[in-house]
Structure formats: structure tokens, C-alpha cells
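Hints in hand, dock the two standalone chains.
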Amino acid sequence: MRTLLRGVLRPLRAFRSRPWPAADVPLRATSHGTGLLYPEHIPTTPLQKALLAAGSAGMALYDPYRHDMVAVLGETTGCHTLKVLRDQMRRDPEGAQILQERPRISLSTLDLGKLRSLPEGSLGREYLRFLDVNRVSPDTRAPTRFVDSEELAYVMQRYREVHDMLHTLLGMPTNILGEIVVKWFEAVQTGLPMCILSALFGPIQLSARNLQVLVSKLIPWAVQNARRAPCVLNLYYERRWEQPLKALRQELSITEPPMHVQGPA
Amino acid sequence: MAAPRSWGLWSFCCRGWSRVLPGCRLPGLRSSWPRGPLGARPLSQEKRATETHFRFETVSEEEKRGKVYQVFESVAKKYDMMNDMMSLGIHRIWKDLLLWKMRPFPGTQLLDVAGGTGDIAFRFLNYVQAQHQRKEKRQLRAQQNLSWEEIAKKYQNEEDSLGGSHVMVCDINKEMLKIGKQKARAQGYKAGLAWVLGDAEELPFDDDKFDVYTIAFGIRNVTHIDRALQEAHRVLKPGGRFLCLEFSQVNNPLVSRLYDVYSFQVIPVLGEVIAGDWKSYQYLVESIRQFPSQEEFKEMIEDAGFQKVTYENLTSGIVAIHSGFKL
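Just so you know, the sequences run in chain order Z and U. At position 27 of the first sequence the residue is numbered 27 (full-length UniProt numbering), and the sequence of numbers has no breaks. At position 197 of the second sequence the residue is numbered 197 (full-length UniProt numbering), and the sequence of numbers has no breaks.
Worth flagging that the hints you see were computed from the coordinates, not collected in a lab. Everything numeric in this text was worked out from a predicted model, so none of it was measured. C-beta: ideal position from N, C-alpha, C; glycine also. Heads up, a few of these hints could be off.
[As the list claims (entries may be wrong)] A few chain U residues that don't get close to chain Z, going by computed Cβ distances all over 10 Å: (1) Met82; (2) Asn83; (3) Trp94; (4) Gln109; (5) Asn126; (6) Gln143; (7) Ser161; (8) Tyr189; (9) Lys190; (10) Asp206; (11) Lys308; (12) Glu312; (13) Ser316.
[Said to hold, decoys possible] Distance condition first, Cα-Cα at most 25 Å in a straight line; then the derived PhoX-like pairs of lysine-lysine: (14) Lys135(U) <-> Lys153(U); (15) Lys308(U) <-> Lys101(U); (16) Lys95(U) <-> Lys78(U); (17) Lys49(Z) <-> Lys78(U); (18) Lys49(Z) <-> Lys279(U); (19) Lys181(U) <-> Lys209(U).
The shape of chain U in the complex, shown without the other chains (with noise of 0.2 Å):
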């Protein structure tokens, strides 16, 4: 959907200039360079001041990672509701689909990036609590004849209610994970839980260490896709997926029209009317815009050497979640 002219420049800064460059960003060379406690590694000095995209302006690449960073944070407090109303209650439905895509099950190391304000955490803390006691039930039914020992060591036993399933939340955004963390602790969610801050292009985390990588609604954010993904395949165990759920091209041209009209006529008014923002949300529609389709996308999976690629459009490709697989 995007202007052919604004795509050639996309491809050039997502995938041209890393070959252009050479010696900057080869693939070897990343092991050996000094990573601090939370990742944000100094930018090189070779590094040219690349154009890139912010909404439909042309920037460099230092100013687009600066501008998003204000934009979530005069955003997060009203995030939740504002999504809420901007997509009238579907963007539960999206996540939710998101989860049953993913079948975890109890005892799944999940990592979900540019979490936030924890949609997607609590989704699958919900999915494999609710696992794992329909496992305990069955169990239990199989073992109706026990004796009061065993009931009194079920008992006293400290029973792990989610299997050992772990969920990592990682965000760039102080403010979306102070938002998090406190919804947690209002919904009284408590195990199995960490917020970490870091960023999608340099995850603080070593390799081969989740099972299961989700990003929902935030890499359309990430400066470098391409280095997100990169990360992605690192970080996942041999075996993982990787799982995106991202706003993608409509296919239908009814639906087209109608998504245009509201998304550029009626969301920056939401957003000014409810949040007081009119630009943050006038970014949020541009950036939509501004992401590559399905099929662009899915070439860009399998380029970071994620194997058996498939997307599945949701609500006529509003929304797309992509799934890959390292193998």
C-alpha cells in the first residue's frame, strides 16, 4: 500500500545498506563487541547518518529511534484504553488468536518483546495456568485410590501452578513497563513474570535460550527490522518459533477504503479527543502505512534463517501473525 518511492528508500535502509557498509556489520564481528548489562551497544562511528522512516517524514536513523521512544511514553498511560477504542475491542480478539496460534504448554520459556504493558504476558500466563490445572484434574481422576500421605504431600507441596512455564517481557520504553508492572500487580499476577528493558535490534539475552519469541505490534517500531529478526533467531532455541502479530495490507478494497477513511480521519481525532495527542496517533497510522505487506515480510523472516515461513491474515489483513520456525 505504501508509495513505490517511499518503498525503495525502505528496502535500501532495511536491507541494502548493511552490504554497502562493509566491514560495520558483518556477522562475526557481532560476538566480539562489548555488550553491557542491558544491551544498548555504542553506535559505531563508521556509521552513516541513514535515512529512514518517522510516520511519512524522512529522518535519520538516531532521530526515528528517538521519536518513537516520545511517542510511547506520552502514550503509555492511556495505551490500553486507547486501543480499546481506536480498534472498538478487536485487538483482544487479535491477541487472543495470537495465543491459540502459539499452543504453549506448561512449562514454555516465552519472550515477548516490545511487551509493554503486558497483553500478551498475561494471555499465556492465563493459557498454561489454565493448562496445567486441566493436566493436575486429569491426573488426579486417573488416581482416585490415594492414600492420606499422598494427599497430605500434594498438599504441602509448594506446587508450581504453571508447570515451569516462564515469561520474559522485554520493552525499550520505561514507561510502557511501568504500565505493565503495575497491571500485574493489580491483576495479582506474580510467578513466572519478569520485565526486563532492552531493546528488539540487541536483546540482553544469550543465545538458544527461549522456547517461543513473540513481538505484537512493535516491530513496525524497530528502526533495523532486519537486525530484530536476527536477534529473534538468536535468542530462540533450536526448535523455537517465532511468532509476529503485526497491522499488514488489506487485501480487500472495500475494506481498504473503509480502514483508510477510519484510520486517517477518525484515529488522530481519538486520540486527540481522548489522550490529547493528535501526532503520536497520526505516527501510529503512518507507521501502518509505512510496513511491508505480507509476502515482503515473510521474505524477511526467512532471510534471518527462519525456516517454514507462513502467515495468516486476520480481519480481511488488518492483521497478519507470521510464524517461523529455527531449525
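Here chain Z stands alone, though its shape is the one from the complex (with noise of 0.2 Å):
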């Protein structure tokens, strides 16, 4: 009784002991550098995230492309479950290397002449083929700058490189239909608050039809899938290029989608 009690107070006295800016002390008052946790850190106070969070879901839903949108709402939504991931990240054993290496994905942390080189099948190569047909690339992932912690900072840098990596294992296009369906995935797995928004708002802009195969087929497979999987970001990627996709779907349990998803022509 007491443990539960301190697990809900504990977040209660973080917010009260965050001193509130008086009136005539800047919110900013340090010199560049200095009072950020991380380079692109931007201090922000309760009141802030919640006017985010608040502005940045009304702003997704009416331009769907703001993508800028739905990350800065996963990341002032998100404070509690990243730490639940972190934690679970630190118990596994090749989810603590990553915390402790903290590997990139980024254009110049890839290899790409190696990963073309590598044989057909293979997690490498397929997610190369998943860049070029689809016309993305991994520098677009905005930085984390609204999580008040550096380590959780990074979690939701990897959560969002890994984004691309969920595409290829599960065989989705980026278009809203293939995002949709790893939104729904990524909400089972993750529980951040912002794939779970977006799994349910999402399909708001689908035509019928699409909505009535997502209804009856994807999503049911998405959240098997995801149940049964492990934390998807507990993969060290990054070492794992030569293994076959096959193999890798067979170790996280994910079997292939009911049907095919049109990617973009």
C-alpha cells in the first residue's frame, strides 16, 4: 500500500518542488549552454507541456502534415512512458547496450554501399529497398527537444528511427494506410500516448473501404503481432544487418500481413 502510495506521489512532488518563473525572472535567464540537458533541449514548464500538448493535437488533426505536430505531442505526452521503456530497455540485455552506446540512424552513421552489398532477404538490404521505394529518408526524424531528460531523450530519438525499422518488418508503405497499421502496432508495444492518439484518430481521413480492411483485417493483425513480440526496442539493428528478414520476423513472432498494402507507385 505504501509503495503504490509513494508511486503517485513521487510524480506529484516533481511537479510542485519545479520552481514557477516569478515575474520578473526570465524562464530563460542562463547564458547559451547552460540549464540544457542536451543540445537541442528546450526548457519547458507544466503549464508549457500542457498548452503543447493541447496546441500540437489540434494542429495535427487539422493539417495532417504537421509532422512536427505529432512529435512534439508524443513528446510532452510521453514523459511517464518513456521512462516505463527506459526501464524496461535497462532489464534487457541488448536494449542496456543501446542505452549505454546510444547507436544513431541517420544517413551518416549508415553504411549504404555495405548495406546494398548485402544478400537479398537480409534486414539490411530490405531496409534500404524500403528508403528507395518509398522515397524517405532517415534524416527526417526531428530531434527530441521538449523531454526534460537526457537519457529519455534518447529513448525517443530511437523510438522514432526505429519507426522506419517496424515499416520493414511488418512489410507497410508509408502511405496513411501502412502508417496507420504501425501506429496501432507501436501503440501496443510502446503505450506512448501519442501512437495511441494517432492509431485512433488516424483512420478519421481513410475512404470506407480502406477503413473497413483496417477495421477487419490489419489492425487485428498489428495487435496480435504486437502483443506477441518483445519490446521492438530492445533490437540492436544496427548489429544485426546481415540477418534475414525471415529469421528476424520468426524471432519476434510477426508473421505476414493478411494482405498486401499498395505502397506509393
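This is the structure:
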């Protein structure tokens, strides 16, 4: 009983101890660099986080092309879930290694030539094919800004960079249907509020036919696989480029998609 | 409202250093320096990397100019919409009040500095056009019995609907001027309007050229406010008026608290959600806090040579209109 109470009171205490800015002291009265936990960090008060969460949710619904708003929503609402994810990663040996070494997936860290030379069916080759076919690049992920912990900011960044891996694992393209399926998978796997909101509100813009396919086949498949699979953030993808995709899917108990989702032409 | 330490540095930057560096910025030397076609005189080698403020950071003066340029380059497209959102439309009333204080008559030559998107210029054109039309109506009513030849002549004349008024919009930022020109085209403003790229600290105009000089929400972004004021004094005709609309210090403690909470908590969030740019709007609220108070700014205007300097607080001092004359 006491531990339960402590668990509830701890976040409340954190909120109360955060100083409210006095009238004459500006929010960022520090010179450049100090007071920031990581280079892109923007410190925010709880009120600002609440306003950002509400504003970004509204804007993301109003203008679906504002991907940065979805990112901001994730950062401002995910503080508790990120902690849970981080603890989960610490408990897993591969996850703990990722937290320690902090690998990043970006064009500067990937050796595209080596990936292209890998055999067909391997994770690296299929990932590269996914990037080429859908004409996306791993560098379009916005950096984390509003998370007030350096380690949690990395967990958030890793989640974003692993998103493309999930597309490859699930075999989903980057159109709206594919994105929603991946979001459902992520929502069940990570529990991030932003994923849950996107999964629930994303299908609003779909046509009736797509919606029917989504609800009857794709979502149940995604949810089933997400519950069976271990946490996808625990995989050190950079060390698994040569692993055949089929073997990786088997390891994660991910089955083939029930139908082929047409990608961009 | 600014902290004492930063005010000390501020006054050092603004007033002290021009006396500290001998021979570099004496007024007598100014006219002999080569003037480029659009201002932008090359900076002297002897100038020290003096520190100034960009937001609450301490940066060198060259850096501030570059950073301010980048801020306005990135906000230009959404500038007007953000102004409406942040001030809940009140900025329109403030700008209208500036025009009413100015009371231009047809024939006035206005220079609007840092006037990028043209808000003041368009209001000026509307005002003088309305004045001119009223004058025409009065004239017509007085001359009811016109002969056919006189009426025909009136129709044939390419009537200047502005009565000789002209506004020159000067801004240092190309993007802001681009937006202003697009707006002018969209709203149908053609005559009496000119767009010039220039620096408020080194205006590309001759002496004694304008009747009125306005700078609305622009002077706090200038690195050397005293130089901008001196330039304003130079380009105005004798009898000309200097008008500055700028954010200032709030005099009411309750409004001040609410204003602080709104500025620091809400405005950067609005900037991020609407324009996708937190840092530019953080710069905005911090630059407002760094700007001198009404009395201090009044003294700076008097130092530049203006007389009969007065100020009027709007909205409890959130905004103030400073006015001075070159006599």
C-alpha cells in the first residue's frame, strides 16, 4: 500500500518542486548552453507542456502534414511512458547495451554501400529497399526538444529512428494506411499516448473501403503481433543488418501481413 | 523591468562605447564615408567585438544582426497571422492609433522603417486617400455650378488620388519586403508606394527628405538604437516628426504579472504550434524585456537631437508611442 502511494506521490512532488517563474525572472535567464540537458533541449514548464500538448494535438488533426506537431505531442505527453520504456530496456541485455552505446540511425552513420552489398532478404538490404521505394530518408526525424531528461530524450529519438525499421519488419509502406497499421503496432508495444491518439484518430480521414479493410484485417493482425513480440526497442538493429528478415520476423513472432498493402507508385 | 546587470551592459553598449572608441564614430567623419547604393557601409576594422544582447544571451554585435535577420527570415510568411494570434488582433488598433496620432495630410512624405509587411504603409495610404476624397467632396460641393468644359477637364485629368503623398517602406530583410509586396499587389495598392532594402542604422537616403519617420515594432531589433535615431534625425526635414511604436514597460503590477505569464508561457507555444518555430518567438518576448523603459527611450530620442519628445502608453504600457520633432 505504501509503495503504491509513493508511486503516485512521486510525480506530484516533482511537479510541485518545479519552480514557477517569478514575474521579473525570465524563463531562460541562462547564457547559451548552460541549463540545457542536451543540445536541442528547450526547457518548458508544466503549463507550457500542457498548452503544447493541446495545441499540437489540435494542429495535427487540422493539418495532417504537420509531422512536427505529432512529434511535439509525443514528447510532451510521453514522460511517464518513456520512463517505463527505459526501465524495460535496462532490464534486457541488448536494450541496456543500446542505452549505453547510444547508436543513431542517420545517413551519416549508415554505410549505404555496405547495406546495398548485403544479400537479398537480409534486414539491411530490405531496409534500404524500403527507403528507396518509399523515397524517404532516415534524416527527416525531428530531434527531441521538450523531454527533460537526456536519457529519455535518447529513448524518444531511438523510438523515432526505429519507426522505419518497423515499416520494414511489418512490410508496410509509408502511405496513410501503412502508417496507421504501424502506429497500432507501436501503440500496443510502447504505450506512448501519442501513438494511441494517432492510432485512434488517424483513420478518420480514410475512405470507407480502406477503413473496412483496416478494421477487419490489418488492425487485428497488428495488435496480435504487437502483443506477442518482445519490445522492438530492445533490438540492436545496427548489429543485425546481415540477419535474414524472415529469421528476424520469426524471432519476434511476427507473421506475414494478411494482405499486400499497395505502396506509392 | 530588465535585471540591473543586463541594463548596465545595455547602457554601455548603447551610449558608452561610442565615446570609448575615439575617432571611430565622430559625427564629422560620417559624411566622408563612402555610401553604397543601399547603405551597408563596411564595418570599420577598429571596432571591437562589443557585446550586446540577443534575447537573454550575450553575443557579439555582428552575431546579433545575423541572428535577428535569421529570425525574421523564418517568421516572414506567418508574421501577420502570428501577430493576430499573439495580440488577439489588438496590434491592429495600436497601428491605427499610430496613424491617428500622425494625422498625415495629402502631400506627406512618409518613411516607414522596418516596415516589412507594410501594415503602417497601407494604413497611411488609406488615411491620406480618405482625406483627399473628403477634400475633393468639399471642393465639389462648393463649386456646384461647373461649366461643361470644367467637368470634362476634371474627368480627363489623371487625378492623383493621394494628393501627392508618398510612403517609402524600408526594411533590412528581403523576405519581409517580399511578403509586403505580395500583400500590396493582392490588396491593390500601387500608387504612392516604394519598397527599399536598407539598414535603419545607415539609411540609403539623403538628408532632409521626409516629413514623417515611423518605426513600428522594429527599433528593438536594431543593434545600435542610437545610430538609428541619429539616422532618423538626419533624413527628416526640419519640422519633421519622428514616431516610434514599440513594446515598453508595463506600469500596472497586476497587468504586468498577467503579461509576463502570457509572454513567457503562451507565446513560444503559439509560435511552435502555428509557425513551427519556438526559438524565434522566444526571441520576441525576450527582446521586449530587454528594451529600455519609456523614460529611458525618451532620453535616447532627445540625445539624438529631437525636441518636444513625448510618449503615450497604450494598453497599460504594453505598447508606447514615442514622438519627437526635428526643429
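Verification of the supplied hints:
no.: 1; hint: Met82; result: holds (13 Å)
no.: 2; hint: Asn83; result: holds (18 Å)
no.: 3; hint: Trp94; result: holds (23 Å)
no.: 4; hint: Gln109; result: holds (40 Å)
no.: 5; hint: Asn126; result: holds (33 Å)
no.: 6; hint: Gln143; result: holds (57 Å)
no.: 7; hint: Ser161; result: holds (41 Å)
no.: 8; hint: Tyr189; result: holds (30 Å)
no.: 9; hint: Lys190; result: holds (34 Å)
no.: 10; hint: Asp206; result: holds (41 Å)
no.: 11; hint: Lys308; result: holds (33 Å)
no.: 12; hint: Glu312; result: holds (25 Å)
no.: 13; hint: Ser316; result: holds (14 Å)
no.: 14; hint: Lys135(U) <-> Lys153(U); result: holds (18 Å)
no.: 15; hint: Lys308(U) <-> Lys101(U); result: holds (15 Å)
no.: 16; hint: Lys95(U) <-> Lys78(U); result: holds (18 Å)
no.: 17; hint: Lys49(Z) <-> Lys78(U); result: holds (23 Å)
no.: 18; hint: Lys49(Z) <-> Lys279(U); result: holds (15 Å)
no.: 19; hint: Lys181(U) <-> Lys209(U); result: holds (23 Å)
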